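Q: Chain residues, written in single-letter form:
Number of protein chains: 2
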Amino acid sequence: MLQAILGDLGSPPGRAKVVRTESVLEQHGRDFTYHAPHLPHAVVYPESAVEVQTIVQFAADHDIPLVPFGVGSSLEGHVIPIKGGISLDMSRMNRILEFRPGDFIVRVEPGVTRSQLNEAMQSSGLFFPVDPGADATIGGMTATNASGTNAVRYGAMRDNVKGLEVVLADGRLVRTGGMAVKSSAGYNLTGLFVGSEGTLGVITSITLKLQGIPETTVAARAVFPDIDAAGRAAVSIVGAVAIGRVELVDKLTIAAVNAYKGTHYEAQPTLFLEFAGSKVSVNQDVDLARELCFLEGCGQFLFESDSKARAQLWEARHSAAIALMARNPGKKMMTTDVCVPITELPGALFHARETMERYGFEGSILGHVGDGNYHAGFTIDPNNEKDLRALEAVNSEIVTYALAKGGTCTGEHGLGLGKGKYLEQEFGDEAVVLMRQLKQLLDPVGIMNPGKGVDFLNR
Amino acid sequence: MLQAILGDLGSPPGRAKVVRTESVLEQHGRDFTYHAPHLPHAVVYPESAVEVQTIVQFAADHDIPLVPFGVGSSLEGHVIPIKGGISLDMSRMNRILEFRPGDFIVRVEPGVTRSQLNEAMQSSGLFFPVDPGADATIGGMTATNASGTNAVRYGAMRDNVKGLEVVLADGRLVRTGGMAVKSSAGYNLTGLFVGSEGTLGVITSITLKLQGIPETTVAARAVFPDIDAAGRAAVSIVGAVAIGRVELVDKLTIAAVNAYKGTHYEAQPTLFLEFAGSKVSVNQDVDLARELCFLEGCGQFLFESDSKARAQLWEARHSAAIALMARNPGKKMMTTDVCVPITELPGALFHARETMERYGFEGSILGHVGDGNYHAGFTIDPNNEKDLRALEAVNSEIVTYALAKGGTCTGEHGLGLGKGKYLEQEFGDEAVVLMRQLKQLLDPVGIMNPGKGVDFLNR
Ligand SMILES: Cc1cc2nc3c(=O)[nH]c(=O)nc-3n(C[C@H](O)[C@H](O)[C@H](O)COP(=O)(O)OP(=O)(O)OC[C@H]3O[C@@H](n4cnc5c(N)ncnc54)[C@H](O)[C@@H]3O)c2cc1C
Ligand SMILES: Cc1cc2nc3c(=O)[nH]c(=O)nc-3n(C[C@H](O)[C@H](O)[C@H](O)COP(=O)(O)OP(=O)(O)OC[C@H]3O[C@@H](n4cnc5c(N)ncnc54)[C@H](O)[C@@H]3O)c2cc1C
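Quick mapping for you: the protein sequence lines, in order, are chains W and H. The first sequence lines up with residues 1 to 459 when you count with full-length UniProt numbering. The second sequence lines up with residues 1 to 459 when you count with full-length UniProt numbering.
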């Protein structure tokens with residue numbers, strides 16, 4: 001029956017392109033992770049908010065699931081259409097709509113990628129700081145409340161999205177927020193849609209806050225004897241210095257990156273650091289950070305001074321997850337994403353490593369430790385039921401530890417298919433009931449990315 | 001009938017203190033503004049979240065309006081119980097619950113005031129930056145998404161609240177957010193309650209992000225020939241310098257402050273500036289800002305170097321609104337609160353002054369111009385219908401101008417009784433419908449601060 005309705009799609013919902021070839025369906029039916037793939041019935045490529053409205057109305061009328069799709073780089077099965085239906089690929093909505101350099105503001109369509117955005121602003125002296133490792137879309141980043149290496153200085157998406165246009169599940173178009181620096185006008189709808197993982201509506205435009213490129217930027221690598229020492233150093237640095245970036249990469253990951261990118265970093269737990277600001281203050285910050293690293297037994301503190309070596313360093317860091325996958329062709333990713341109050345980080349890292357060892361898994365640990373956010377990442381054959389169950393137990397122990405310390409089950413990836421089950425443990429029943437009521441209010445028919453996030457019981 | 005039910009209040013709702021003396025009812029039935037006072041039937045002082053739950057359940061069962069009350073410093077009639085009922089005074093819930101200096105986090109009850117909080121943290125090297133002019137409660141500041149002079153650097157309440165405990169209109173207690181730096185777990189309930197003006201629930205605890213006290217702080221006053229020049233200077237400073245504070249105070253206000261505080265500032269449009277950071281970077285910033293001021297015709301650029309003169313300067317700035325009131329005893333305040341994209345600020349200031357002149361009103365202009373947020377403030381006899389209507393027209397023209405430039409009708413005060421009518425003009429009908437649906441979902445009986453904010457039609 002769903003098939004029959006989708007047969008109509010060739011013509012009706014506006015003039016949006018509809019594709020149903022095997023390869024395109026497959027590409028929209030899976031991600032990098034262990035979650036089981038499931039094909040959509042069709043992939044639709046809207047080119048405007050009005051087309052999105054038509055498609056959503058069509059889907060609502062016929063009770064067809066609708067899954068917004070950016071580039072599919074999310075890490076918890078977010079884009080997998082577990083109930084089939086339409087995968088709504090936003091890649092054709094990739095225009096930069098309005099750029100106001102003097103106001104540090106840009107408004108874009110959701111299919112714009114972060115590299116596309118930063119290229120477009122290159123000559124302006126401005127940039128958009130949020131930088132997940134993948135070249136994700138601004139729409140996907142907004143929908144997952146993504147962050148990345150720059151968050152310790154500039155915050156996550158929620159801190160950088162000023163306003164949205166969203167097509168709700170009944171086809172209504174809602175505008176939220178605006179271009180002023182701040183506002184106390186009415187309920188904060190913007191914040192509600194940021195991080196909603198396609199479950200409350202389709203985002204069709206995003207107003208972003210931009211940053212000025214700092215006068216001076218210096219990058220460094222600090223190599224440590226063990227991961228706990230690196231974690232402790234990160235905590236003291238964050239407390240003392242207005243750090244630009246502080247990223248932890250463990251031995252295993254460094255080795256994988258070297259193999260994948262042809263780099264020659266020493267395969268030891270390493271902090272990748274960046275300092276930014278005026279020349280004088282950067283020099284002060286660097287001196288202080290170096291001292292703090294040495295106090296924790298850091299053996300080498302190396303500068304990447306020219307911009308090429310610096311770019312290479314961050315390129316290497318960004319490709320860490322991909323490098324790990326490349327090491328294990330055919331396997332899929334499972335990654336934890338807890339975030340703890342910063343003073344709890346060394347304990348959390350210790351606990352994670354201990355847990356992995358106890359279960360006998362070789363995993364990599366890396367992350368945005370300046371935020372107290374780290375990933376324990378594993379590659380796995382998703383058909384190996386035993387490993388899958390054991391890894392889920394590891395995952396669950398790591399989350400339980402983080403929650404007991406006041407942390408969150410997901411610092412940046414979002415709930416997707418994998419983390420919804422921890423929501424009640426994190427917030428208590430009442431908050432989850434309220435989240436479900438919000439879902440019910442905004443998507444009464446349940447067409448928007450069903451089974452994901454807060455809607456995890458609906459599988 | 002309401003009276004009869006409230007007769008019960010002496011004993012039932014927990015053991016919370018209930019007061020019904022004339023003076024206390026009056027104190028909870030008005031604010032500083034032109035909005036007509038209206039008495040509550042009783043003032044109740046809860047001492048715990050459990051007591052709040054009992055009171056809210058009682059109010060819900062008997063359909064009694066409930067208006068949370070901090071110190072009543074809000075500027076749009078927020079706390080006036082226009083339908084009577086219970087004024088829920090949070091002043092006895094004023095404990096600091098948990099202080100984690102290493103995580104830059106504190107958790108407080110809503111009745112804690114900002115000066116109480118900062119005093120409690122004095123020896124830690126940390127402070128909480130959000131600073132409305134009044135010594136408001138953290139609960140009231142959260143409920144209005146308040147900001148102040150520090151917002152240009154540290155953001156408004158929404159940027160600094162990490163989590164909440166809220167008693168919903170049916171007595172359920174919901175916990176939102178947490179202590180991690182960031183999270184992508186579920187819908188952002190925290191952001192929904194920040195700025196909800198007591199219309200969605202009663203906030204019973206707030207987790208705040210703290211800041212380290214900067215190494216060096218320098219304050220300065222830049223005196224300008226006219227207000228437009230001061231506005232233009234503010235725009236260039238914000239674009240070029242990581243400024244700490246940049247406040248505009250016009251002639252009239254300076255004169256009022258001098259009279260009220262015994263200061264001797266020159267009665268000319270003035271920017272009050274603050275620079276903060278490392279010593280070297282502050283020096284650089286000051287030099288650049290001074291140059292930018294002189295480019296706009298600034299006649300004097302004066303430092304307040306020692307900490308006493310600096311404190312006096314900010315004390316003077318903070319008391320500007322009170323000083324204006326003191327000049328006109330017996331009168332009440334009406335203030336605009338628009339916030340525009342920063343490049344639109346000089347035009348907006350020009351338009352505001354021109355509008356005031358056209359209508360023949362002497363008003364003061366002052367504000368947090370680093371955010372593009374300024375207030376045109378008037379004192380008025382609220383019984384003078386003609387003046388009231390004319391001033392409402394001024395207010396409306398100023399808002400209409402700001403909205404046309406991509407701004408908001410309220411940068412920091414909130415909607416209260418006065419600004420709800422601009423919501424549709426600002427966001428369009430659909431967003432306002434959605435806001436009303438949220439109100440309906442969370443407060444179906446309509447007991448929570450009825451008639452305020454989004455609920456403005458319900459008078
Ligand atoms: C190598 C690698 C490194 C990564 N590093 C990071 C990192 O450092 N930090 C981080 O936060 N993440 C990271 N990620 C995860 C991923 O990049 C982010 O989750 C990103 O935000 C996903 O964007 P996307 O365009 O791929 O969205 P998709 O994966 O296509 O979609 C993600 C979710 O958003 C929804 N969505 C997409 N577009 C819209 C729209 N227009 N309206 C409504 N909903 C929409 C989808 O339905 C889905 O639920 C990494 C991933 C990889 C593969
Ligand atoms: C001289 C002066 C200067 C000011 N300067 C500024 C400024 O620079 N920036 C700025 O933003 N504001 C400013 N204000 C306005 C005012 O200080 C702020 O709005 C402040 O946030 C109000 O706090 P309060 O404790 O007085 O709250 P109240 O006025 O008591 O209450 C405000 C609103 O919050 C609700 N509320 C209070 N407590 C709770 C709770 N626990 N749970 C749920 N809802 C609650 C109330 O119902 C009401 O709707 C100024 C006011 C004055 C008088």
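It should be emphasised that the hints constitute simulated quantities derived from the structure, not laboratory data. Here the structure is a predicted model, which means the values were calculated and not measured. Among the clues, some could well be false.
One copy or two, it doesn't matter: identical chains are merged, so the pair holds either way.
[Unchecked claim] Heads up, simulated EDC-like pairs for lysine to aspartate or glutamate below, C-alpha to C-alpha not over 16 Å straight-line: (1) 405 / 98; (2) 83 / 63; (3) 279 / 381; (4) 83 / 354; (5) 261 / 362; (6) 209 / 159; (7) 261 / 291; (8) 251 / 266; (9) 421 / 397; (10) 279 / 397; (11) 17 / 47.
Q: Does each hint fit the structure? Answer for all of them.
A: Now the hints, each set against the structure:
Proximity of residue 405 and residue 98 under a CA criterion of 16 Å is satisfied inter-copy only: 14 Å between copies versus 43 Å inside one chain copy. Taking the shortest alpha-carbon separations for residue 83 and residue 63, only the intra-copy value of 11 Å comes in at or below 16 Å, while the best inter-copy value is 43 Å. Proximity of residue 279 to residue 381 under the C-alpha cut-off of 16 Å is found in neither arrangement, the shortest distances being 49 Å within a copy and 55 Å between copies. For a Cα distance limit of 16 Å, the shortest separation of residue 83 from residue 354 qualifies neither inside one copy, at 38 Å, nor across copies, at 60 Å.
Taking the closest pair of Cα atoms, residue 261 and residue 362 never come within 16 Å of each other, the shortest separation being 21 Å inside a single copy and 68 Å across copies. Proximity of residue 209 and residue 159 under a CA criterion of 16 Å is satisfied in both settings, with 9 Å inside one chain copy and 14 Å between copies. In this assembly of identical chains, residue 261 and residue 291 lie within 16 Å of each other by CA distance neither inside one copy nor across copies; the values are 30 Å within and 47 Å between. Proximity of residue 251 to residue 266 under the C-alpha cut-off of 16 Å is restricted to the intra-copy arrangement: shortest distance 8 Å within a copy versus 64 Å between copies.
Taking the shortest alpha-carbon separations for residue 421 and residue 397, only the intra-copy value of 13 Å comes in at or below 16 Å, while the best inter-copy value is 51 Å. In this homomeric assembly, residue 279 and residue 397 never come within 16 Å of each other (Cα to Cα): the closest approach is 44 Å inside a single copy and 46 Å across copies. For the homomeric pair residue 17 and residue 47, the shortest alpha-carbon distance inside one copy (9 Å) is at most 16 Å, but the shortest distance between copies (60 Å) is not.
Hints 3, 4, 5, 7 and 10, counting from the list given before, are not met by this structure.
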